[in-house]
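Chemist: The primary structure of each chain is shown beneath.
Protein chains: 2
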Amino acid sequence: MKVLLCTFLLIQSVFLQAEDGHNLWLRAKSSSPVNVICSKKSATIDIARQELQQGWLGKAEASVVLTVKPDKTIKGDGFKLTLNGVQANNDLGILYGVYELLRRQHTGEPVKEMICNPSYEARVLDHWDNPDGSIERGYAGRSIFWRKGENSLVVTDNDKILWKEYARANSSVGINGAVLNNVNASPLMLSKEYLGRVKAIAEILRQYGIKTYLSIKFSSPSLIGGLKTSDPLSPEVIKWWKDKVQEIYSMIPDFGGFLVKASSEGQPGPQDYGRTHADGANMMADALKPFGGIVMWRAFVYSPDDPDRAKQAYAEFMPLDGQFRDNVIIQVKNGPVDFQPREPFSPLFGAMKKTSVMPELQITQEYLGQSIHLVFLGAMWEECLKSDTYQDGPGSTVARCTDGSIYAQKHTAIAGVSNIGLDTNWCGHPFAQANWYAFGRLAWDNKLTSEQIADEWIKLTFYESPSGNTGSADFSADWTGNFLNPVKKMMLESREATVNYMMPLGLHHIFAGDHHYGPGPWYAPKGLRSDWTPPYYHKADTIGIGFDRTSTGSNAVSQYHEPLNSQFSDLKTCPEIYLLWFHHLPWDYKLQNGRTLWDEICYHYDTGVKQVREFQKVWDKVQPYVDQERFALVQRKLRSQSKNAQVWKDACLLYFQKFSRKPIPYELERPVNDLNDLIKNDMRRP
Amino acid sequence: MKVLLCTFLLIQSVFLQAEDGHNLWLRAKSSSPVNVICSKKSATIDIARQELQQGWLGKAEASVVLTVKPDKTIKGDGFKLTLNGVQANNDLGILYGVYELLRRQHTGEPVKEMICNPSYEARVLDHWDNPDGSIERGYAGRSIFWRKGENSLVVTDNDKILWKEYARANSSVGINGAVLNNVNASPLMLSKEYLGRVKAIAEILRQYGIKTYLSIKFSSPSLIGGLKTSDPLSPEVIKWWKDKVQEIYSMIPDFGGFLVKASSEGQPGPQDYGRTHADGANMMADALKPFGGIVMWRAFVYSPDDPDRAKQAYAEFMPLDGQFRDNVIIQVKNGPVDFQPREPFSPLFGAMKKTSVMPELQITQEYLGQSIHLVFLGAMWEECLKSDTYQDGPGSTVARCTDGSIYAQKHTAIAGVSNIGLDTNWCGHPFAQANWYAFGRLAWDNKLTSEQIADEWIKLTFYESPSGNTGSADFSADWTGNFLNPVKKMMLESREATVNYMMPLGLHHIFAGDHHYGPGPWYAPKGLRSDWTPPYYHKADTIGIGFDRTSTGSNAVSQYHEPLNSQFSDLKTCPEIYLLWFHHLPWDYKLQNGRTLWDEICYHYDTGVKQVREFQKVWDKVQPYVDQERFALVQRKLRSQSKNAQVWKDACLLYFQKFSRKPIPYELERPVNDLNDLIKNDMRRP
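The listed protein sequences correspond, in order, to chains P and E. Numbering-wise (the numbering used here), the first sequence opens with residue 1 and increments by one. Numbering-wise (the numbering used here), the second sequence opens with residue 1001 and increments by one.
Bear in mind the hints are in silico, worked out from the structure with no lab data behind them. Since this is a predicted model, take the numbers as computed values, not measurements. Even for Gly, the Cβ is constructed at its ideal location relative to N, Cα and C. There could be a bad hint or two in this list.
The calculated lysine to any residue pairs, modelled on SDA-like cross-linking and capped at a C-alpha distance of 20 Å, are [what the hints assert, rightly or not]:
| no. | chain 1 | residue 1 | chain 2 | residue 2 |
| --- | --- | --- | --- | --- |
| 1 | E | Lys1311 | E | Ser1558 |
| 2 | E | Lys1662 | P | Gln623 |
| 3 | P | Lys617 | E | Leu1653 |
Some but not every residue of chain P turned toward chain E, in silico, with C-beta under 10 Å [as the list claims (entries may be wrong)]:
| no. | residue |
| --- | --- |
| 4 | His561 |
| 5 | Val612 |
| 6 | Lys621 |
| 7 | Gln635 |
| 8 | Asp650 |
| 9 | Glu667 |
| 10 | Glu669 |
| 11 | Asn676 |
Taking the hints into account, I'd like the entire structure generated from these sequences.
Modeler: So, in structure tokens, the structure goes:
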């Protein structure tokens, strides 16, 4: 009890810090007392009680009844809000119900009787954290789970406090799983020593209903098991994994399972032994099955030989449909290439009808300005989840194809690649917190609009009442008109702005090598495989630009169900946002607005730059409503974003102009960066 | 003859190069023959003849008569254009007349009977070139006169070709003097070895009527003469200089004289020996007098002790008025501080009534964007030369106070600090050539308008007829409307644009330390004398900004003749362009347009940035009329200028905002650079 109290005080002290962003969307504090009535006791129920007492904004001295009672209308860890409390099938459902109740109080939404069931069973954050504490594609400091050097595996009180804060934040938005290490996995992670630390993490996370998962290296049996092979059909390999799984569950009884990147980007996998993805995944699934664990097997595969990388995941996995165990889920990135600012949805969604499929979204902004650009990804994910695959007739959205609405999936899941690190504000950019929040909210309810999510997040994250209190059911017209609305508008426009200044009209993957921050449409070092170079994707030449994926080209369109195949193929019906994704078009091709393709490209880049400049104005104007610390940080980052948007515009227009040989329309601002300088410096990150 | 022919062919080959800018404003080539009739023969007359034959655009087979004949209406090396030729007092006058005739043909101005007399007797380029080949404040490559290393004093054929081209360009605009080395002079320059090279240079320049001068180090008698002192009143020092002068004239009979920076910025001078500037200057003047040489003695003096540097030249020199020999000319920078983008004229002009005074202008753009920014300085010099000092009643302009119109000066002169180096195009920026050109033209005729000079220069430098010929009396409406007019407008606006984005409303000297390219209003390293730091000049505090030079402050206004003293002192009459030069004003001081001072400062910076962006558009639009080489170079430099203008705006607004504590008006674009980054990098030059 003493330890608990001590921990609690320590956490409190963190809460009382200045507005450094560490408290995320959980800033609300109550001054009105509440009576919490619950007959059950557990760590999770205790947390629910404490959250109510800390955050209650309802009537003073009101009573809230928490009832754990099976109800068939409530699914899994869903819950029912009643007029006087929360009912759920289990303790975690109670906690989620309490968070929903408090969120409604803090955002001014009515609290009414309703059942809330999660869209997905597993709502997982993937951490690309390495055992040495670095994070692949991490832009907010080093790993919160791992650290470098001596004592790297010793668990400290500070570790526990941080993990608890992390767990609370996740739980408050419904995230119930965490993969603790990078998909490019170190075999070390399965060693006894590392598993000891996993156990310690799991013990903290468990109270908040979060299961731990691990990424594994497929060749672990040979690398750390002393076996001569890692062939998934080899009996000794099968046994090795069985034993390893047993060992894990003996330490972590609620362990979630494995995430596997295999036979992908140089990672070992079943194909090294002439086996299929199904052979590999099923072997592991069999080992996990007795304990209720799952395998999340990534479909992110491509080879240097295929002329169209966008086709490969479909080509490799479709033939295996029906061959996977029911506790295998194929994890598919939202688009067919790689977390670009805009891609059409991956054609695997809805196509694999006899296999569980889960979406993988990227919260960390690898290709969207990292922790420098303000980009709200809710809009992008909403676009993907609501895309109609037509695989089971109209209305077969990506969301419904993966959440069990259409296909009988034993397990449903969704994953988001985390943007979390040791930075005080967790995500580097204060607005990057909104992407963590949005992922959780969409994972819980994939029908939410990004507008609603942004609205909630802004209220929870920025509202401060005139008396200095945060959280309120009552937002003044002044605050709503001068802060909430303009900031929400900015967030909702931000992803389209990024598409405009980075790669409009279906352009994709024209980043500088390695860092993926700035532009590099020219980037093609000698000897590098061509599918790692931008010219492979934009295919600019003196005639035109774009990737022909129609039947005259790679025919990737054929992977889409009708009417999409026809729609994308036909220039009259292909959405302009995907134009150069599916078509190679001449520079003077006329768009619907009458502009030539070249001019339209110029206008998009210029518009993107202007949008960011407008964001800067929006932010400067809201200064009176934001604490100085977060105001200054966002202001500074917007300046960098504005500068970088200009770099994007200049780089892409000047580079493509070498092919188009046409002037940038004179109504538009001229580039201020020199192409040769940009090329010379393209490997430098800010 | 063989050597001459060879040299001529070499020069010709230079002429035939692509448009790399090496030919400056001398691109015109004739295809129509002309008969040149002249009874006299000399190197200079030969050049005149050759120029006519190369550049004649008049009637084919016309006869041009060159007549050397004394005429009292013609002054010095002036000339008379007649309907069939040129008449002058001497050969150089003939050459100048031929250049005038050809310029009129090439720019389409009528050739009419007229007398052209120069405004100043000595029209001198000051080269701040060091014996090791480096150039102080040079931005166009190394010295054309000096080079580093072994054989640095050997005169090669290439040297001679270059010096001849240089002399021709100078002569074509009326420049008749060149100081071959830096005012921060090395004593080496007076050694026999170096004088040998000076002699070789003088021999080339002489044919084009250009006299050579040298900057001398005041302490040369002790440094290289073996004397114990350099006291100007010491007989052995007097003798040393007499002997040195004699030695020089024995080698260079038409040597022009000395330029002296003494007791200034750490340079030795008469004050080291308790003597006055007059003592020092007169001693040298006496040595030079027998040979017709002059002393140009700089008034650029200030000490760290005075609270207002702007007052010091006046304070030190006015008491000496009347004490200088008649072959001493006091060389005064246009403004009282130091070649800033805008200063009021130096109060010494017109004030020293019994002393010859000459203006020193700076062609090299030390404080105006160096060879990166397009800034036409004609406008700035016109502003200065036409400033009314009122010293001899209304109309006592700086021009008239220095050219002998008002005061009886034995010698008149004007100097420009050269922007010339070894760069193929001489000046780094193609448009920087216009400043060399403008200096020469104004030195010849200080009543010319910058508009006319720009018009001439553009025609001479950029016109190409449809048949590929350059130079024409007949410019198409297309070329005039689409090239000449917009480019001229850009040039004429460019200096004001620079003032806007660098230091509007009378701000001055807020440059980064040392390099003087970017902004550094914050620059004030500990221990540095305060008059070398920007805060000394802008005096920003939470109340306001500006240097109080009225009677409540340093009272520098009192150095100006009435009505200027009153006009500058009174806020109602002080021109807004000098507002913060003369006044410290509160941030919310209301300007005539109703804006507060802070807002107006913001608007000026923003306007400057927008002006440069507009220049970029202007230039991009004229692409069809310019060769690719110069087009691309100017385009690239304009991009850098645009970026740097943004840096200036951001740096100054963000820095001053720390004092004003007011928002940048929301109509204006926000800064994109971060103040801390700018401060961190302020010592870096591009």
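Chemist: All hints, please: hold or fail.
Modeler: Hint check:
1. Lys1311/E x Ser1558/E: The given pair, whose Cα atoms are some 10 Å apart, holds under the 20 Å limit.
2. Lys1662/E x Gln623/P: Since the Cα atoms of Lys1662/E and Gln623/P sit roughly 12 Å apart, the hinted pair holds (cutoff 20 Å).
3. Lys617/P x Leu1653/E: Judged against 20 Å, a Cα distance of about 15 Å means the pair holds.
4. His561: With Cβ-Cβ at 45 Å, over 10 Å, it is violated.
5. Val612: 9 Å, holds
6. Lys621: 6 Å, holds
7. Gln635: 8 Å, holds
8. Asp650: 8 Å, holds
9. Glu667: For Glu667/P, the interface hint holds, since the closest Cβ of chain E sits about 9 Å away, which is under 10 Å.
10. Glu669: 6 Å, holds
11. Asn676: Because about 8 Å separates Asn676/P from the closest Cβ in chain E, which is inside the 10 Å limit, the hint holds.
Consistency note: the structure conflicts with earlier hint 4 alone.
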